[in-house]
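Q: Using the sequences and the hints, build the whole thing.
Okay, so the sequence shown: first residue is 2 according to my numbering, each after it adds one.
Just so you know, these hints were derived from the structure itself, not from any lab. All residues carry an ideal CB built from backbone N, CA and C; glycine is no exception. Worth double-checking, as some hints may not be accurate.
Unchecked claim - Restricting the straight-line Cα-Cα distance to at most 27 Å, the calculated cross-link-like pairs of lysine-lysine (DSSO-like) are:
| # | residue 1 | residue 2 |
| --- | --- | --- |
| 1 | LYS304 | LYS237 |
| 2 | LYS300 | LYS237 |
| 3 | LYS217 | LYS300 |
| 4 | LYS221 | LYS300 |
| 5 | LYS191 | LYS149 |
| 6 | LYS149 | LYS237 |
| 7 | LYS53 | LYS300 |
| 8 | LYS53 | LYS304 |
| 9 | LYS237 | LYS221 |
| 10 | LYS237 | LYS217 |
| 11 | LYS304 | LYS318 |
| 12 | LYS221 | LYS53 |
| 13 | LYS149 | LYS300 |
| 14 | LYS149 | LYS53 |
Said to hold, decoys possible - The calculated label-pair distances, taken between Cβ atoms and stated as ranges, are:
| # | residue 1 | residue 2 | range |
| --- | --- | --- | --- |
| 15 | MET315 | ALA202 | 17 to 23 Å |
| 16 | ILE311 | THR209 | 36 to 42 Å |
| 17 | LYS221 | ILE311 | 40 to 46 Å |
| 18 | LEU162 | SER128 | 28 to 34 Å |
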Amino acid sequence: MPCTAYVFNNETNPLSGQEQSVLAVMYTCIAIAIAQFHLNLLIVLAIGLQRKLRTRNTYFIIMMTSAGYVIYGLGAVVHGLNIASNCFNYGLILPLTGSNCLSILLLSNVGKMMIVDFSLITAVDRSVAVFFPVWYGKRIRFCLVYIKISIVMLHVVFMNLFEYAHILSKDGQHHCMPSAANGKSLWFAKAEQVQVDVMIALTVLIYTVLTVWAEKEMEKARHRADYSAQTRMHMKVELLRTLVLSIFFYAVTFGVANMLITIQMYNYGIEVSVLYTFAYSVSQLGGILNFVAYYWRTKEIHKSFNSIVICLFMVAKCRHEKDRRILPSSASVMT
2 MPCTAYVFNN ETNPLSGQEQ SVLAVMYTCI AIAIAQFHLN LLIVLAIGLQ RKLRTRNTYF
62 IIMMTSAGYV IYGLGAVVHG LNIASNCFNY GLILPLTGSN CLSILLLSNV GKMMIVDFSL
122 ITAVDRSVAV FFPVWYGKRI RFCLVYIKIS IVMLHVVFMN LFEYAHILSK DGQHHCMPSA
182 ANGKSLWFAK AEQVQVDVMI ALTVLIYTVL TVWAEKEMEK ARHRADYSAQ TRMHMKVELL
242 RTLVLSIFFY AVTFGVANML ITIQMYNYGI EVSVLYTFAY SVSQLGGILN FVAYYWRTKE
302 IHKSFNSIVI CLFMVAKCRH EKDRRILPSS ASVMT
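A: Here it is in structure tokens:
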């Protein structure tokens, strides 16, 4: 959740109703972040442990998008636990030091940019595959995935380098909110937020065009006698529908939350703290819906995910039975 410029009461004064509402929303955000962290981590493992899946262009990018949600969720958990511990131990919780702000920015901002970038890259990749299938099949190779990853990493480093340098240059007494920073930092933070909003809107637009095109092509394929062509088109459309469903969840959660933060980032106070934390909770909910979309709609991920869960359950069961055998019996304890 974004660092805010609001100060809670210290230990000698009880928390007001509004302050307690901030903590309540924050705890909800932590719970959602923990859930989406584990679910998307299992998605990453489900794809990464299957060579057949991780060597396919689209599934590899899906894995990297889920990895972005993992990092994003970890940032929320780290920041939320830091706030909770400071609240009950020191009283001043939301004005964070430079090192604490760096930790939340390093995790949440990197995760956010990975989600946005890989979602847009997936949209572009599907567009090329749909509109130029022959060229895509001949020219696009898996090695280009590493080029895409390099582009995303460079973009992440560039977008956060200035902000990290600004935070590290402070003496720890400054707030981590753009409203408490200098004009140049505020302008850069605003530009970063607007850039993310534009990239989200562009991703939604691309998938909207692809959906309309795919439905028309599917209708044409139904009237053809070539059964193999119908099967290939059906597989492409099903994968595209899965991606569209994931992007829809991504837009109504992550996109809306980011837009709310963009609108209110010049303001600060307890009301804005509640709004920030609520928006961050909504964006974390997008990670859970991302898992639901791929688990529900993709048979390969569904099967691999179930195998991992069963394997983890069996390992836990075997370890529990082993611990029970090691424990001494009640008779031996009595003697």
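Q: Run every hint past the structure and note whether it holds.
A: Each hint, compared with the structure:
| no. | hint | in the structure |
| --- | --- | --- |
| 1 | LYS304 with LYS237 | holds, 19 Å |
| 2 | LYS300 with LYS237 | holds, 14 Å |
| 3 | LYS217 with LYS300 | holds, 25 Å |
| 4 | LYS221 with LYS300 | holds, 26 Å |
| 5 | LYS191 with LYS149 | holds, 26 Å |
| 6 | LYS149 with LYS237 | holds, 22 Å |
| 7 | LYS53 with LYS300 | holds, 13 Å |
| 8 | LYS53 with LYS304 | holds, 13 Å |
| 9 | LYS237 with LYS221 | holds, 14 Å |
| 10 | LYS237 with LYS217 | holds, 13 Å |
| 11 | LYS304 with LYS318 | holds, 21 Å |
| 12 | LYS221 with LYS53 | violated, 31 Å |
| 13 | LYS149 with LYS300 | holds, 26 Å |
| 14 | LYS149 with LYS53 | holds, 20 Å |
| 15 | MET315 with ALA202: 17 to 23 Å | violated, 45 Å |
| 16 | ILE311 with THR209: 36 to 42 Å | holds, 38 Å |
| 17 | LYS221 with ILE311: 40 to 46 Å | holds, 42 Å |
| 18 | LEU162 with SER128: 28 to 34 Å | holds, 30 Å |
The structure is inconsistent with the numbered hints 12, 15, although it conforms to all the rest.
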